[in-house]
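Asker: As a plain string of letters, each chain reads:
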Amino acid sequence: MNPPPRRIHYLNNGYGARSWLLTTDHKRIAILYLLTITLFFMLGGLFALGIRLELLSPRAWLVQPETYNRMFSLHGIIMVWFFLIPSIPTVFGNFLVPMMVGARDMAFPRLNLASWYVFAVGGLFTILVTLLGGVDTGWTFYTPYSSTYSNSYVLLTATGVFVTGFSSIFTGINFIVTVHTMRAPGMTWFRLPLFVWANYATALILVLATPVLAITLFLIGMERLFGVGVFDPRLGGDPLLFQHLFWFYSHPAVYIMILPGMGVVSELVACFAHRRIFGYRFVAYASLAIALFGFLVWGHHMFVAGMSMYGGLVFSFLSYLVAVPSAIKVFNWTATLYKGSIRLATPMLFAIGFIGLFTIGGMTGLFLAALAVDVHVTDTYFIVAHFHYIMVGGMVMAYMGALHFWWPKMTGKLYPERLAILSAIIVFVGFNLTFFPQFVLGYMGMPRRSIFYPPEYQWLNVMSTAGASILGVGYLFPFLYLFWSLARGAEAGPNPWDARGLEWEFADSPPLPENFAETPVNDREAYAYDLPAREMAPSQALARQNKAVELERKQT
Amino acid sequence: MNGKRHSTIAATALLLGNDAWAAAADRGIQFFPEQASSVARQVDYLFFFLVFICTIVGVGIALALIYFSIRYHHTRAADRGPIRINTLKIEIAWSVIPLAIFMVIFVWAGWLYFHLQQMPTTTALQIYGIGQQWMWTFQHPGGVREINDLHVPIGRDVKMILTSEDVIHSFYIPDFRVKQDVLPDRYTYVWFKATKLGAFHLFCAEYCGTYHSGMRGMVYVMQPDEYQRWLAGREPAGGLAEKGRRLFSQLGCASCHVAGAGVRAPLLQNLYGRQVRLDDGRTITADDPYIRDSILLPQKDVVAGYPPVMPTFRGIVKEDETLALIEYIKTLREAAEGAPR
Amino acid sequence: MSEHIVEPRIYVRVFAALMALLALTIGVSALDLGLFNWVAALTIAVVKASLVTLYFMHARYGSHQVWLVAGMGIVWFLIMVVLTLSDYVARGVIARP
Amino acid sequence: MAHGTNHTPGLLPQFDDLEQQRVSYNLGMWIFLATEVLFFGGIFMGYIVYRMHYGHAWHEASRHLIMPAGAINTIVLLTSSLTMALAVRHSQLGQNRACARLLLVTMGLGIVFMCIKAFEYHHEYEVGNIPGIRFTYAGPDPGQTQLFYVFYFLMTGVHAIHMIIGVCVVAFMALMSRLGRYSPGHHAPIEMTGLYWHFVDIVWIFLFPLLYLMGYPK
Ligand code: HEA
Ligand code: HEA
Ligand code: CUA
Ligand SMILES: [Cu+2]
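Protein chains in written order, with the numbering used here: chain A, 1 to 556; chain B, 1 to 341; chain C, 1 to 97; chain D, 1 to 218.
Just so you know, these hints were derived from the structure itself, not from any lab. Keep in mind it's a predicted model, so treat the numbers as computed, not measured. Glycine is no exception: its CB is placed at the ideal position from the N, C-alpha and C atoms. Do not rely on the hints blindly, as some may be mistaken.
As the list claims (entries may be wrong) - Simulated coverage check for chain B against chain A, where a stretch passes if three residues somewhere in it have a Cβ under 8 angstroms from a Cβ of chain A:
(1) 136-143
(2) 171-183
(3) 272-281
As the list claims (entries may be wrong) - Take a look, some chain D residues computed to stay more than 10 angstroms from chain B by CB distance:
(4) L11
(5) H56
(6) M67
(7) F119
(8) H123
(9) V158
(10) G180
(11) G215
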């Protein structure tokens, strides 16, 4: 027998720098994003470790206040805009949305590449700021501190975030159009995987909220450059207007930071419970509802900021409404397990971790939306704990879950399962040790963004720091074994999880440059776990071989 | 000073080396803030209610996840047939029931918030607070001033009138469960009634720059007579109103605001609390913000029947001076005929 | 081809209407109608913008996706305005119209 | 085409046919315009708040703008929108030369607009009404008046940036059209340029009354 023809896939389809930097293949762009945001995650994580180390003592023992303030500002800015917002959408969304809808690529591949470049430029600005000495406004850029009083690189930072905003917008446009116009035959809206729904809802937010952030940062830039007082009370401006505009973006943005994770969890839970997701339509509509209602609640960040009492009541009420679709999702995931056939593989552990921690984080959001309680806990560590539970406990868990789940698809390799399970457990334990004490600290009254704090808060801070170091180890592990698996991992095969979905059933691992040898025709609901997985048609295998031969010939 | 021992930079030492540290240090290990004001307990009840509900729901979900993971583990035999429950009904149930719970929380919390926002009236002790990078200045009615620390009597409503000299700060006493952002060029208010004697932390809760976390002090709650004695012991050269009176003539206010002055300007006697008719037809109560605006933004609210000629004093008078002027104007009670006092 | 090709006649008519509306809005601004000046100016602007959108931009012949997207931009802007103003109005900052 | 799967001219490899491509481009452009609505929306929001807050001072300040210049510019822009719409029509019909001609006219009108705007800016500079650069106003309510000019320059400035981009794109499209790159089946770029141009026009339709007319009548 002849040796099997060399299998062509998106990874070995050209090796030079050009073939990566000028690629319009959504899968390669996803890899570019993966590398970039991993870098930023490490940077942001480094700052987090700096914060935690400093807070071991109630006094400034490691760094000066100037430095501390720069650390948490850069930590927040990098983690939010350069890691978490792009995380799942640009890596897994980019990789999977076209495959899941059965398309060869995004609707606008060049725009997709442009979005990565724009992101990289914004990122360079931020790295430049870090090297020059940082920014000390917090990630919220409150005026008039940021516009007039701060002596740090506010303008450069704002430019970086502004530029990155366009990357978000480009990605958003691409997702929406792709889902609308690029679906394969038979892929109706209600057969779309929930991950696609979630990314679609995310894209709506990206597209509708980001421009407001852009203009707000632009106004801050104008204030700093020309001293005109759009938000400066000394010049007739109103700082609360800044807060309104900022949160009009940033509250929806927190849903940018959770919806894709919810989409991932829907996939993982269905696959590892081997069951159709419970209440598919409700979960799909819940994504849209979150995207829509998410725009109505921003004022809950301003309850004590000097907003009117009436405004406080309205925004509190609306915040409770937006919590309902999240509740629906949590209950549906849980119900999906019922009568399932559950495998506790690594991605599933991350998914279950997500559900638990997101529920805690979300429910503490209910505390914050409760006006009188928020008066006490706002701007304390209670807030810090709330959002880390959702963003780290929720979204980063989902991100890790996605990474493990689709790693075989993206690279064609399997990672060592035992180590992965171990790291999932370490992350879970470390996470809770880091952030649970912060709820207690917060209710006791420790203000956030504080390098100095009264000594009676110390023991809880020490616990938190201890947890953070465990967490760090937990994050370090996957780095190592995933890299290892690239060289040594076992071959994954097209569908190692016995999952359903076009990307598993009709594409190789790693997929062909154009994803599918021929456009798949979808004849099923999503998550048809009650039916056997579809096999790639023989014609597909044939077409693949022909292509391989053709490419081989071209290369020689 | 024990500050030097703790830190190498003088500024930090200065900020942190005060009695507050010592006072705080002997609190030992705590899990929960003290309930030292009239609202603290009410807020805590709501908090406990939330903890209670969320624990039930959270533990319920966790147990369900664990139970299903074991019961339906793929290695175990189990019924894996279709589910015979009405999906729509159950979806509605788990949308509507949480919503109902949420509404209970909303109404309760909203009601309490409403209560917190109703400022006590006449009987309250009014204390001015000015935030600036990075310290608090408080002015008691008699004109006594203190920096970073705040002395208040127990059992009496205290209304804080807050403003900022520069950026946004936030006035926060965790043990009282009150917090209010403090904005430049604007007054915000917060009230509390202390119910426990002792020393409590006072923080700045809104990030305001380098020494944000050093911007804090202690609230000392004392018996009313003790408070009076404390006040008397620090009686300043002149009260706040006295300072205002001096400013009133220094700044030339008196050149217009007296009967028979060259410029026709309203007399300020009995102004405070009165209804003032403005030239655009509105009627407005002459309260603190109004008088403040009259001084800093005279063109904003022009009194009916007068020319809008009063110059703005923005940038000329500082926040504490504005307060002194207001305090002085408040004392102009008698229907005097000539120049005030 | 589902694309709609519009007769130049219609473009010219729309253009004439736009010019007329421009004249109207300048004319109205010369009369003192109090608050109604604002109502008039904004209404006319909205009509003009709609004409451009519907005819020049072919929204009238567009798919409902296009309508949805265009509508979303406007609705979201209104959300921002309404909720923000609800705070300002209740704070009493905005008193004079 | 990398894999030679299709040979229709102008058809990009990710699409199955030109119709899908056209619909995608069109939808993408509309979404982009929705983001633009919210981008301008942020400034409009600020305008609304301060305008309601400082009505009197803003009313006064507005009277100092050169209203006729704004009116002429409105006419110029509306006309350019007409020529743009006609240009798109020609490209729909495959009349590339006519399309290119009309695009040039559109571009010319855009440049006229910019010149008038430049003249106005220059005037404001002479008078000393440019906050942050040369602001010499000495009447009542300096802060509020300054804020009006801040918004005047922000709004018209951001609009002008869009105009500059628009003029460049239109020029490029004229060139491509002249080179015969488009056909009745494939002219999405021209259509998108048209959408963008009309959108910028619409922004001006609102800016004109908000900035220039609100000072009238006294
Ligand atoms: C991914 C990010 C994310 C997400 C999804 C959320 C989700 C929510 N957040 Fe959070 N939030 C942040 C990130 C996020 N938040 C950040 C970063 C900040 C701080 C910003 C800063 O100041 O720096 C913040 C701050 C913040 C505040 C302001 C606090 C303050 O500064 O004073 C408030 C107030 O209402 C709030 C509320 C909520 C609510 C009600 C939800 C809801 O959407 C949650 C809904 C979910 C659930 C409720 C859980 C599941 C539900 C059930 C299982 C139902 C059953 C429960 C019951 C019946 C009780 N958040
Ligand atoms: C969005 C995502 C996100 C993520 C993922 C995190 C992750 C973490 N955050 Fe972050 N945090 C924010 C968003 C996020 N945070 C925001 C928005 C703020 C508010 C900022 C502000 O106030 O303006 C904040 C603020 C904040 C504070 C409060 C600071 C203050 O108010 O004074 C603290 C304190 O403990 C903290 C801790 C942590 C910790 C311990 C982690 C851990 O999860 C981090 C774990 C990661 C690591 C430990 C790194 C792993 C990498 C390695 C191990 C590789 C090692 C590196 C090399 C080899 C080069 N964060
Ligand atoms: Cu003042 Cu923080
Ligand atoms: Cu929020």
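Asker: Hint by hint, note whether the structure agrees.
Answerer: Quick rundown of the hints versus the structure:
1. With 0 residues bearing a CB less than 8 angstroms from a CB of chain A, the stretch 136-143 of chain B misses the requirement of three and the coverage assertion fails.
2. Residues of the stretch 171-183 of chain B lying with their CB closer than 8 angstroms to a CB of chain A number 9, which satisfies the three-residue condition for coverage.
3. For the stretch 272-281 of chain B, the stated coverage by chain A is violated: 0 residues have a C-beta nearer than 8 angstroms to a C-beta of that chain, whereas at least 3 were required.
4. Residue placement check: L11 (chain D) keeps its beta carbon more than 10 angstroms from all beta carbons of chain B (closest about 44 angstroms).
5. A beta-carbon of chain B is positioned within 10 angstroms of the beta-carbon of H56 (chain D); the least distance is around 8 angstroms.
6. At roughly 25 angstroms, the least C-beta separation between M67 (chain D) and chain B is larger than 10 angstroms, which holds for a residue marked as non-interface.
7. Against chain B, the non-interface label of F119 (chain D) holds: every CB pair exceeds 10 angstroms, the least being about 32 angstroms.
8. A cut-off of 10 angstroms between C-beta atoms confirms that H123 (chain D) is not in contact with chain B; the least separation is 26 angstroms.
9. Look at V158 (chain D): its CB is around 27 angstroms from the nearest CB on chain B, clear of 10 angstroms, so calling it non-interface holds up.
10. Look at G180 (chain D): its CB is around 58 angstroms from the nearest CB on chain B, clear of 10 angstroms, so calling it non-interface holds up.
11. No beta-carbon of chain B is positioned within 10 angstroms of the beta-carbon of G215 (chain D); the least distance is around 17 angstroms.
The structure fails to meet hints 1, 3, 5 from the earlier list, while all remaining hints are met.
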